[in-house]
Amino acid sequence: MDYFYHVLVMFCLYAILATSFNVVIGLAGLFALSHAAFYAIGAYTTAILTTAYGVPVFVAMAIGVVLTAAIGAIAALPALRVGGHYLVVVTLALQVIVIDILRNAQGLTGGPDGISGIPRIVMFGQTLSTPGSFLVLAAVVATAVYFALRLLAVSPFGRALRAMRENELAVQSVGKNVVALKLIAFALSAGTAAIAGSLLAHYIAFVSPQSFSIDETILVLAMIILGGTGNLFGAVVGAFILVLLPEILKFLDLPVGTADLMRNAFYGLMLIVILRFRPEGLFPERYRYTLPAGAQRSAGAFQLSPLTNTENGTVTLAGENLHKNFGGIVAAAGIDIELRAGLVTGLIGPNGAGKTTAFNLLTGFLTPTSGTITLRGRPITDRRPHRIVHSGVARSFQDLKLFRRMTVLENVLVAFPNQLGDHLHNIYFRPGSVAAQERANIARALEILEFVGLRERALEEADGLSYAEEKLLVIARLLATEAEVLLLDEPLSGLDPNTLARVLPIVRRLAAQGRTVCLIEHNLDVIREVCDVAAYLDGGRVLTIGRPDDLMKDPQLLERYIQ
Amino acid sequence: MDLILQLLANGISNGSQYALLGIGFGLIFGTTGIVHFAYGPVFAASAYVMWWLIAALGLPFLVAVMLGMAFAAGFGVLSYLVIYEPLVERGSPSFVVLVASLGLFIVIANSLAIVFGTDAKTLPDFSYGIYFLGDVVVTGVQIAQVLVFVAVALTLSAFLKYGTWGSAIRAVTDNVDMARIVGIDTRKVAIVVFAIGSVISAIAAANLLVREGASTHVGFFAVFYAFIAVVVGGVGSIRGAAIGGLLLGLVESTGMWKLPTEWQSTIAFLVLFVVMLWRPTGLLRGN
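Protein chains in written order, with our numbering: chain E, 1 to 563; chain L, 1 to 287.
Simulated from the structure, these hints should not be mistaken for laboratory data. Misleading hints may appear alongside valid ones.
Calculated cross-link-like contacts (lysine to aspartate or glutamate; reagent style EDC-like; alpha-carbon spacing at most 20 Å) [what the hints assert, rightly or not]: (1) Lys161(L) with Asp185(L); (2) Lys401(E) with Asp177(L); (3) Lys258(L) with Asp100(E); (4) Lys250(E) with Asp2(E); (5) Lys401(E) with Asp525(E); (6) Lys553(E) with Asp525(E).
So the derived label-pair ranges between C-beta atoms look like this [stated by the list, open to error]: (7) Gly328(E) with Ala56(L): 33 to 39 Å; (8) Thr261(L) with Gly328(E): 30 to 36 Å; (9) Pro60(L) with Gly257(E): 30 to 36 Å; (10) Leu108(E) with Val63(L): 46 to 52 Å; (11) Gly111(E) with Val274(L): 25 to 31 Å; (12) Pro505(E) with Leu78(L): 19 to 25 Å; (13) Glu559(E) with Ser94(L): 53 to 59 Å.
Backbone N, C-alpha and C fix where the C-beta goes; we use that ideal spot for every residue, glycine too.
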């Protein structure tokens with residue numbers, strides 16, 4: 001019976017490891033390979049503190065968790081600047097360094113022999129020395145961890161993590177701080193792995209480097225891939241299967257060494273087969289939203305929130321003498337532009353004229369080599385993109401950058417400003433307020449979707465939309481930011497006449513309600529129809545600015561543009 | 001002073017091996033964008049194959065190395081065709097390809113241990129000289145390692161510069177979409193770089209076999225050092241991978257001046273960590 005309980009304890013520990021690893025891998029899309037290192041740091045910290053310094057068990061465990069979370073955040077630092085494959089090699093290096101230290105820092109870690117004689121946990125007057133008694137604690141902790149992380153995954157914070165996974169630039173363009181998202185995801189995941197590690201240390205009363213090799217990380221990764229990346233429940237199921245499987249295989253009579261090798265080879269084979277034939281795993285990622293019953297369906301229910309300080313015609317966003325060089329290439333050679341509230345400004349000009357560069361400079365996605373950017377007279381030049389969104393300037397991208405593996409509704413929900421659930425303390429300490437705001441936001445998101453004509457598709461994946469629908473969703477997402485200055489990069493190109501007829505009034509209405517609108521467009525008829533002001537760019541500068549009709553009478557410009 | 005010179009000599013020799021592994025891995029990674037983790041076990045497998053050809057069949061060393069290179073090329077190309085290509089064709093995110101390559105890594109590494117056992121396989125009577133350069137002692141293997149690296153690196157650069165496939169490979173490394181538009185068969189390019197990269201790993205495997213023999217864990221460290229060399233040097237640059245590898249060897253070796261041997265890889269990885277923070281796109285590629 002003890003053997004059976006032991007297997008279940010191990011299942012609990014791996015369930016903690018797999019759910020926490022899934023936060024980084026599945027939700028945040030950060031491919032790190034250092035989970036076993038965090039598991040090890042948690043285990044060794046409590047082992048060292050309790051055996052060498054006599055620190056009480058629970059205090060030592062807590063210190064281990066906090067320390068590991070801090071190390072996790074440090075490990076994330078390179079990930080802040082580069083993603084993808086670079087993160088893989090850096091975290092792999094971290095894993096190797098940690099194991100090296102465990103092996104070589106004899107005095108501290110006991111070297112290859114590890115640390116034995118770790119005190120057992122005593123709770124309610126009982127020493128948890130048998131698998132049966134420990135199972136109760138392990139199960140309680142695993143359940144608590146699961147629900148805590150699940151709460152996180154379904155929260156606006158979890159949604160922002162998934163959006164970051166889908167597109168890092170786009171998530172900044174709706175006001176999320178990717179640095180904070182990555183740091184928190186890493187620290188949280190590492191700290192949670194340390195919980196499993198400290199439990200293990202006090203459970204078997206012994207730690208050694210062998211328990212935390214890269215094979216452990218790969219085993220936990222296999223659990224996630226099998227269960228479903230991004231699905232925390234799937235990770236638990238994956239842990240269950242892969243903890244139980246070798247126990248069943250033990251009934252086959254294999255020599256001990258070979259059995260381990262065969263089991264590992266089997267994990268590898270399983271990874272390949274799953275990725276080939278069912279990459280989403282047993283339980284595909286699915287985040288359900290219940291739509292409020294009887295939400296208004298009448299068109300036009302959507303109203304922009306009123307602006308307090310609008311006076312049509314005042315300058316809101318302005319760029320002065322903006323320069324941008326990439327090495328020897330000049331992308332902007334002194335762009336001067338003023339955008340005014342209540343007016344639609346169109347940017348025209350040949351490819352490579354600097355239109356998108358202007359957007360990137362104005363929204364913080366590029367830092368100008370020189371020049372200043374002001375919003376209502378206050379300088380915002382060096383602010384990072386998400387801070388500029390918070391100030392009230394939002395942009396869309398020519399290549400849309402939708403969050404493709406998220407629903408249409410979620411694409412809009414991510415973009416709402418000031419979400420309580422973007423902050424961990426609110427998620428755990430004010431869940432009621434977070435839920436209430438979420439309900440209000442869902443209702444408002446549906447209004448916006450109704451407004452652009454995508455209400456019916458709210459619960460479908462953005463990946464399945466037609467091109468015209470994608471463009472509408474981009475506008476919906478931009479509206480949700482509630483920014484007063486909206487920069488749209490080719491929102492109208494490639495649209496059929498029907499959709500165009502739907503989008504043009506939206507743009508006009510935004511201006512009528514006091515928004516500052518700026519759009520990039522190539523079609524002169526469209527410019528004439530929708531813009532109050534047009535600016536002609538070429539060679540990285542604004543050559544002329546004026547009313548569209550006047551601009552188009554300029555034979556020189558027309559000639560330059562059309563040729 | 002003598003000690004430093006000795007450590008530098010060791011560093012250059014080890015660094016040549018890392019650089020050799022790095023240019024093979026970097027060629028594959030830079031051109032196809034695939035993190036070919038199985039590069040390590042393919043390297044290990046070819047070392048085992050060469051050992052088997054020599055020890056069991058009694059073939060001459062050079063013949064065994066040739067066959068080992070052919071074996072590696074076949075293995076590398078097969079892993080691309082069977083594992084990676086179907087995933088890439090389907091438009092899988094790079095994460096999926098990466099995990100698949102990890103899976104392949106595990107399968108091959110463990111299969112090798114099952115087939116060949118976990119003890120080290122060394123060549124029985126391989127003699128090499130010991131040379132004195134002033135007060136510095138170097139072995140014939142160390143010298144050979146440096147010469148082999150230089151020869152391979154020069155041949156590869158010449159091939160990339162003047163060879164029929166060279167310009168196609170460089171075009172794909174630069175911009176896949178553009179290369180496709182101008183009519184380059186990117187699939188063939190991928191097959192060619194997997195073949196060449198794997199052959200280079202087999203050459204490194206011959207070095208390894210002569211120096212210390214084949215054992216099960218060599219695969220992980222081969223691909224790991226190669227990966228680091230590439231990232232430190234700058235992805236997409238063969239010269240970068242070479243410099244990254246040499247740097248890794250030198251740092252590791254000179255670290256031993258003041259620190260015990262067992263810390264050498266820790267030092268090297270800390271250097272990597274710092275380089276990544278300071279210059280995340282590598283030393284040679286500033287964008």
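Cross-check of the supplied hints:
1. Lys161(L) with Asp185(L): OK: lysine 161(L) and aspartate 185(L) at ~18 Å, within 20 Å.
2. Lys401(E) with Asp177(L): This hinted pair holds, its Cα atoms lying about 19 Å apart.
3. Lys258(L) with Asp100(E): Status holds; Cα separation ~17 Å.
4. Lys250(E) with Asp2(E): OK: lysine 250(E) and aspartate 2(E) at ~16 Å, within 20 Å.
5. Lys401(E) with Asp525(E): With a Cα-Cα distance of about 27 Å, the restraint between lysine 401(E) and aspartate 525(E) is violated, given a limit of 20 Å.
6. Lys553(E) with Asp525(E): It holds: about 13 Å lies between the C-alpha atoms, which stays within 20 Å.
7. Gly328(E) with Ala56(L): 33 to 39 Å: Once the Cβ atoms are compared, 60 Å apart, the range 33 to 39 Å for alanine 56(L) and glycine 328(E) is violated.
8. Thr261(L) with Gly328(E): 30 to 36 Å: violated, 47 Å
9. Pro60(L) with Gly257(E): 30 to 36 Å: The hinted range 30 to 36 Å holds for proline 60(L) and glycine 257(E), with Cβ atoms some 34 Å apart.
10. Leu108(E) with Val63(L): 46 to 52 Å: Check passed, 51 Å falls within 46 to 52 Å.
11. Gly111(E) with Val274(L): 25 to 31 Å: Between glycine 111(E) and valine 274(L), where Cβ atoms are some 27 Å apart, the hint holds.
12. Pro505(E) with Leu78(L): 19 to 25 Å: violated, 58 Å
13. Glu559(E) with Ser94(L): 53 to 59 Å: violated, 46 Å
Hint check: violations occur at hints 5, 7, 8, 12, 13; the rest are consistent with the structure.
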